[in-house]
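So my numbering is basically just the index in the sequence shown, starting at one, shifted up by 4.
Be aware that one or more of the hints could be misleading.
[Unchecked claim] With a cut-off of at most 20 Å between alpha-carbon atoms, the simulated SDA-like pairs for lysine to any residue come out as follows: (1) K303 x A337; (2) K214 x K370; (3) K413 x L365; (4) K370 x E315; (5) K303 x N250; (6) K121 x S104; (7) K413 x L381; (8) K121 x L141; (9) K370 x D393.
[To be verified] Label pairs and their calculated CB-CB ranges: (10) E287 x R243: 40 to 50 Å; (11) D268 x E154: 20 to 30 Å; (12) G195 x D102: 23 to 33 Å; (13) H229 x G125: 30 to 40 Å; (14) S36 x S104: 38 to 48 Å; (15) L87 x A368: 19 to 29 Å; (16) N212 x L365: 19 to 29 Å; (17) S135 x P331: 17 to 27 Å; (18) L87 x S341: 52 to 62 Å.
I should point out that these hints are in silico values taken from the structure, not numbers from a laboratory.
Note that the Cβ used here is the ideal one computed from N, Cα and C, for glycine as well.
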Amino acid sequence: MKSHVLPVIAVIFILTSGCMSSPPDLDGDGISDSEDLDIDGDGWANNVELNCSTDPLISISVPSDIDGDLVCDFLDSDDDGDLWGDFTELDCSTDPLDNSSVPADYDEDMICDSLDKDADGDGLPNDWEQSRGFDHLDRDDYISCHGKAEYCLRTYDDFTFAEAHNAYSTPEDGVLAGINHLTGLQSQWEGGIRSFMLDPHHQMGSQNEKEDVVFCHSSGGGVIHPCLFGSVDAFSWLRTLNSLHNNSSGDVVSFLFENQIPGDHLEYLLNVTGILEKAYVHELGDPWPSIGDLSLSGKNMVVFIQYEYQENYSELMSAWRHTWDTPYGEENADDMSCNVGRGDSEQPVWHLNNWLSTFGLSDATKAEEVNEYSTLLNRALLCWEQVGDRPTFLGVDYWEQGEVTNVTKTLNDMAHWSDDIPPHP
């Protein structure tokens, strides 16, 4: 570097000393060397040549510039001008001096495939896809769970599902009084409900055979038959749900049964409707699998029952051993809490019950209040903070009132309760 600087200083000294009758003009461009920014006329400014370690007084001494961008290779972070940085190309095992040698980048995210943890950009890591038989270099070969590929990576206990309390109790299903929702299963499914609280009973006036199971509910405290004001064909309802589920991809469905029938009758109901064969069996103490793995295994339904049977029905898991819930049915929103109502609070799977009642019955006006987006979201975040685990289920009445499914979308785009709240879906 010094060998180039000294000649330039000498020229300037001679020019200013008065020793020459006319200023020198090395490149003959009519600009005296003392004022010429490119003394040798090679197209490279003197100071640039000094920085590039070439001689600014010798026109044949010019910087190397492979891509012709007038940034010498010595200083150019992309020598060959292929838009890939030199060091990146070295990391990607391509030639940084050859613009025909560029890294493979299937998803065009400027991270070469050999370094890209998600080479096809489908939201699933390469190793996850490869270990499950997917092509990690094909963006069309993937699985989506609950609408997003990245949700497939989340474990069952690290996801929030919208849950319909007494999901069958609707005018569309023929229930006359004490309804819990305005619309039936088809609308609930299309709206994003994926967890269902159901009450199986024997039909009023029946012989209490396993074929007589229906869904119904009352708040009569045992004084009146729960099916007095209407019942729903449990077999038809579950077959419809199973059909909707079969036509979806990557969705996990959960049930909480208030089981008022013998275990073999409930097992029969779930077996003939195709639910039982999909039921996942969780061993207490084991980590919950990912939603993606539940979907791929075909064991993508989770069945909880409130009342344990003496007999062992492995697919019918005790709700209050595997999960817990908050109190429910309060009359005022101020009385709602994040406290334990039933079950084992040490379990990471839990139900945030979010409905109010009036004289023991579901109240549509109050549902609109507590299901409102900000109200429900703030309650879920508060309980997430207090409990330490995200709510697995948001159980509501009148799911149409408010935005329970939008709240679950927001929660599922958060990794921690303290994260910035994403935009409203």
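For each hint, the structure was consulted:
no. : hint                    : result
1   : K303 x A337             : violated, 37 Å
2   : K214 x K370             : violated, 37 Å
3   : K413 x L365             : violated, 29 Å
4   : K370 x E315             : violated, 40 Å
5   : K303 x N250             : holds, 12 Å
6   : K121 x S104             : violated, 24 Å
7   : K413 x L381             : holds, 10 Å
8   : K121 x L141             : holds, 11 Å
9   : K370 x D393             : violated, 27 Å
10  : E287 x R243: 40 to 50 Å : violated, 29 Å
11  : D268 x E154: 20 to 30 Å : violated, 41 Å
12  : G195 x D102: 23 to 33 Å : violated, 56 Å
13  : H229 x G125: 30 to 40 Å : violated, 57 Å
14  : S36 x S104: 38 to 48 Å  : holds, 44 Å
15  : L87 x A368: 19 to 29 Å  : violated, 59 Å
16  : N212 x L365: 19 to 29 Å : holds, 27 Å
17  : S135 x P331: 17 to 27 Å : violated, 42 Å
18  : L87 x S341: 52 to 62 Å  : holds, 57 Å
The structure shown violates the earlier hints numbered 1, 2, 3, 4, 6, 9, 10, 11, 12, 13, 15 and 17.
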